Amino acid sequence: MNARVKDFWRYFKRRKLAIIGLVLVILFFFIAIIAPKIAPYDPGQINVEEKLIAPCSRHLLGTDNLGRDLFSRMLYGSRISLSVGFIAVGISIIIGILVGSISGYFGGWIDIILMRFVDIMMCFPSFFLVLTVIALLGPNIVNVMIVIGVTSWMGTARFVRAEFLSLKERDFLYAARAMGASDTRIIFRHLLPNAMAPVLVTATLGVATAILTEAGLSFLGIGVQPPTPSWGNILTEGRIYIFDAWWLTLFPGFAILITVLAFNLLGEGLRDALDPRLRGR
Amino acid sequence: MKIKYFLIITPLLIFSILISSMFFMGFFKPHRVNQLIIGSIGDATYLNPVLAQDSASSDINSFVFNGLLKYDRNLNIVGDLAESWEVKEGNKPVIIFHLKKGVLWQDGEKFTADDVRFTYETIMNPKTNTVRRSDFEKVERVEVPDPYTFIVYYKEPFAPGLQSWMIGIIPKHILQGKDINRASFNRNPIGTGPFIFQQWISDEKITLKANPNYFEGRPYLDGIVYRIIPETSLMEIELLTGGIDYTGIYPYQYKRISHNPSLRVYKQLSHGYSYIGYNLKNPLFKDKRVRKAITLAINREEMVKYILYGLGVVATGPFTPDMWYYNHAVHPLPYDPKKAKKLLAEAGFKDIDGDGILEKDGKPFSFTLITNSGNDIRKDIGVMVQRYLKEVGIDVKLRLYEWSVFLTNWINSKNFDACILGWSLSLDPDQYEIWHSSQIKSGFNFISYKNLEVDRLLEEGRRTFDKKKREKIYKRFHKIINEDQPYTFLFVPESTPALNKKFFLVKKEEKGRKLLKPIKMEKAGLMVDIIKWYVPKENELTP
Amino acid sequence: MVGFIIKRLLQLIPTLFGITIISFAVIHIAPGSPVGNTLNPKVPPRVIEQMKKNYDLDKPLSVQYVLWIKRLITGKLYSFKDGKPVMKKIKERLPATIVLNAVASIIIFSLAIPLGIFSAARQYSFWDNTTTFFAYLGISIPSFWLAYLLILATVKIFGFPVLGIRSFFLEGASTLRIIYDRIWHLTIPSIILAIGGIAVISRYMRSSMLEVIRQDYIQTAKAKGLPEEVVYYKHGLRNALLPIITLFGFLVPSLISGSVIIETVFAWPGIGRLAYQAVLSRDYSVVMTINTISATLVLIGNLVADILYAVADPRIRYR
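Chains as they are written, first to last, in the numbering used here: chain A, 1 to 281; chain B, 1001 to 1543; chain C, 2001 to 2319.
Simulated from the structure, these hints should not be mistaken for laboratory data. Values in this document were obtained by computation on a predicted structure and should not be read as measured data. The beta-carbon is built from N, C-alpha and C at its ideal position, and this holds for glycine as well. Please note: incorrect hints may appear among the correct ones.
Claimed, not checked - Chain C stretches covered by chain B per the calculated footprint, using a threshold of three residues with CB under 8 Å from any CB of chain B:
#, region
1, 2038-2045
2, 2078-2084
3, 2110-2124
4, 2175-2186
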C-alpha cells in the first residue's frame, strides 16, 4: 500500500497545476477552520450606519447593504460553501457506490432495473430536477446538500458497476470465493478498494460542481437561505447593488471561481496520477 | 493537412462572424417616438379582466377595457361606461346604472347593457376560472330593462359592492358560447378602452396602439409598448439608456435614478403595508404584553431609514395615512427596548440562567420567523428583527421559503410562530376577510385573531353606505387593532415610479397648438390621465 | 444494423414511461398547486376549490396522470397560467432555445476539438498546461457572474445593454442589419453557454487523442517515418473523434440546464425560462411536458450517438 502511495506521489508531484490546486484546497480548508479566529467582525453583525462602505482598512472587503463586514462573511461563507460541496458529494458517492456495486456485483435483473433507473435519471436536465426537488423540500442548507447529492450520483454508479464487471472475472476473486468469503466481504474488501481511485477523482471534481450548483441555486433565490452567508447568496444579495458596490459582486464570484478551479485542477492531477494508462510519458 | 487548416479556420471564422456583428451596433439609438414604453418584470397571462390575476395583465387590461365606474384623480368614484348611477339603500339595496350611449367596441360593434350582463354572468358561472366571483356573491339578480340601463339587486347591504363594478366589461358578441378559459380572445382582446391591442410576443413585449374612436377622444400617444425584462438591474440599465420610459423602481435605486437628468422619479405612499404577524394560537404570543414588547423592541424608524432608504412611514394599523378612514389619533409605539424588557418581565419572561435569552417556566423565549424567499426587503426586515430582538433577550430563527411552499405548508396550515408579510389594500376600508373571526378557519385571518368588538365593527362597516358613519366605524377599528397588536405593523412604503421627462400632459388644444404641462402624481396614481400624455416634437416645446 | 436500431428503440419505451412517471411524481409531491397561489383576501378558499374542480385537480393522482398523458397525446393540454395550449407555448419558445444551444454547440465543437488535439500533441508542454488551465478556468466560472460582468462591460462600451433575442428599435431596418442584430444578440449568451462545454469536450478530446496516439498502428505509422501531423490528423483524429460523438448525447441536458440561468440573465425568451417560471408557479402541465420533451431529446441524442458509433465502429454491433 505504501508503495502505491509513493508511486502515486511520484507522478502527482510532477503535475504543477495539480499541486497548485492541492495547495489552494488546503488553504481554503485552513481558512474555513480558523474562520472564527481571524474574522474581524461577527458575520451577522448589522451596523446600518456603515452600509455599503467600499473596501478600506477597517473593512478589508467593504460592507454590504446592512453594514455587515464582507470579509468576515466571506470567511464564514467558505465554511458553508465547502461543507455544501463535501456533504453533497459524500451523499452522491455513497448512493453511487451502493447502486453501482449492487448492480455490478449481482447482475441479472437487479442490474437491468437499476441501470434503467440510472438512464432515466441521466435524461433529466439535472438542474430542473434540483429546482423541483428544492421546491418540494424547501430551501435550506441541508436540503440543498441532499438534493445536489441525490441528483448527481449516476456517473459514479455507472463506472463503479463497470469496474466491478471487469474485476469480477479476475482470479483473486475466484480465490476469495473458494475460501468462502461472503458477498459483503468480497464487495468491501476486494472489489471496492480497487474501484476507489476513479471514485476519488469523481469526488474531487464533484465538489467543484456542487459548489457551482449551490451558487446557481442561490442566484435563482432557492439555494442556502440568508442570513446564512454562503458565497452564492452573498453574490446574489450583492447583485442588486452592482452599481453602488462592485465589491459585493466581484469578491464572492472570485472566491467561487478560485475554489472551484482548485478542486478541478486537483481532480485532474489525481486522475492523471491514479490512472496508469495516462502515465505513459 | 487540409484537416488541420479546416480545424483552425472554422473556429476563427465563427468567431469573426460573431464578433464583427458588434460593429453594426453603436448605431441603434432609441429615437424619439410618440409612444410610451413600460418595463415590467413579468409577462401578462390573460388579457381578459375577468380572468386576470397578476399586475402585468391588469395594467394592460386597464388600457384596453373600461369598467362601469372608475376612480377619478382624487379617488372619488365616477362613471366610466356608466353615465350616472343611483343607489337605493335599504335591507335589499338596488343600484341602477345608466350607461353611456354611442360607445363602440374596438371592432365597431355597439356597447350595450347586454355586455354588462354577460360579464356578470361569465363571472358567476362556476366553470369560469375567475378570482373575482366573491365581489359579486352578494348580488341577488341583475336586470336589463333597456339597452342602456343595468339594474343590480343585492341580497343585503354591501358597501364595497359599488367598487366591484370597476371591473372591465367584456364583449358579448365575441365571447358568447365560447369557453372563456381558453378563448383566443384572452390573447387578442377587444375592449372599449383608449388603446387597441396589437401584438403580444411571449416574454418579450406587448404592443397597443391608440384607439381613434375612443369615447373620451383619441389618446395623444400613438401607442404603448409593454416590455418584459426579467431582472431589476437590467431594467435599471434599460431605463437609464432609454430602452424603456416608465417602470416602478426599488428604494435602493431611488437615489441614483432620481439624479438622472432625463428621468423624473415620483413618490407616493402605496396602498399597503408590511407587518409581522403572530400566530395567536401559539402560547408565546397569546399575551398582549408580549406582542407589544416586541413592537417596542423593533426600531421601525431605523428600518424605514435603511431598508426603505427613507421612502416610507411607520405604520400604526391596517390603514395607510392618506386615506379618509385613517385614525390620526393613533400614534405609533416608540422604539423603547427598556420598556419592552419591562413588559416582558411582567409577562413572566426573565433571564435566569444568564445566557442572554429570556426564559419562562424553564423554557427559553425562542421562535421562528418565516417569510417568502425572493423578496429582498422582507429578507432584510427579518435580519434586522432578529438583531433587535436578540438585544431584549429573544432568540429568533429566520427561515425563508419559496412562495408556494410558504403558503401551503406554513401560512395556510397555520403552522408557524410568526411571519413577515405585507398586504396590498383596496381603496375601500372593508377588511372583513383579514380580521373577522369567521375567517380564521378558512379565510385570511391566519393569525387566528378574535375580538368581538372588531367582528361587530367589520360587519357594520360593510353594511353601511354612509361615508361619515363608516369613517367612525373604521377609526374605532383602527384604534382597537393598534391596542391589540396582533401584528407588528412595520411600515407603509412609498411607491416610486420613474418616468422619462419627454412626456407631457396636454392641458388643452387651441388652434392646433397644444398647451402642455408636466405630468403630476395624482392621488389615483400617475397614469390616471394617460390619454392626455404626449411626447412633443422639438418645435412644440415652448413653455 | 436494423435489428440493433429496433432493439434500441424498444429499450426506449420503458425509459420514456419512467420519465413521465418521475416528471409527474416530482411536481405533484411538491407543496402548492397551480391555482390559489396568491394571498388575496378577495379570493376565498371556496373559489379556489371550484377552480381546482374545473381543472380536475380534485381527482386521484392516478386519474390525473392518465388524463395528463391522454391530453398530452391529443394536444388538449393547457397551461394553468394563461390557458394557452402547452404545445403552442413550447413551440413558441423552442426555436429561441434551439438556436442558442445550436450556436453554443457549434462554438463548443469547433473550438474544443482543435484545442484537444493541440494539447494532446504537446502533452505536458507549456502549451498543454496553459490550455489545461484555461479549460479548467472555463469549467470553474459561475456563468451568471461572468454574464453580469459582460453585460456591465457592454453597457460601459456601447452605452446600452444586449438583452433578449433582438433589438427593440428596429422597425424598418435593412435585412442585413436585422440579421446582424440577431447575431449580435446571440454572441454573448452563446459564448457564455459554451464556455463550460468547451472546457469539458476539449479535455475529453485530449485524453481520447492521447489514447489513440498510444495505439500500435499510430506508433507503427510514426515509426514508418510518416510526418507527425499526417499521423495525428489523418489516422488519429478519426478514431479519437469516436468517443466524442457519444458525449453529444450528454451535452444536451447540461446545455438545457445551463440555459435556465443564461436565459434569465439575458432576458432570452426560451424554454429554460419558461420551465423555471412554470416550476415556481406550479404550472404542472408545462413543467411535466417540458421535462418529458427534454428527456426525450436526450434519449434521441443518445440513440443517434449510439447508432453513429455503431456505424463507425463495427465491433460495437456484436456486443
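Comparing the hints with the structure gives:
{"no.": "1", "hint": "2038-2045", "verdict": "holds (count 8)"}
{"no.": "2", "hint": "2078-2084", "verdict": "holds (count 5)"}
{"no.": "3", "hint": "2110-2124", "verdict": "holds (count 5)"}
{"no.": "4", "hint": "2175-2186", "verdict": "holds (count 6)"}
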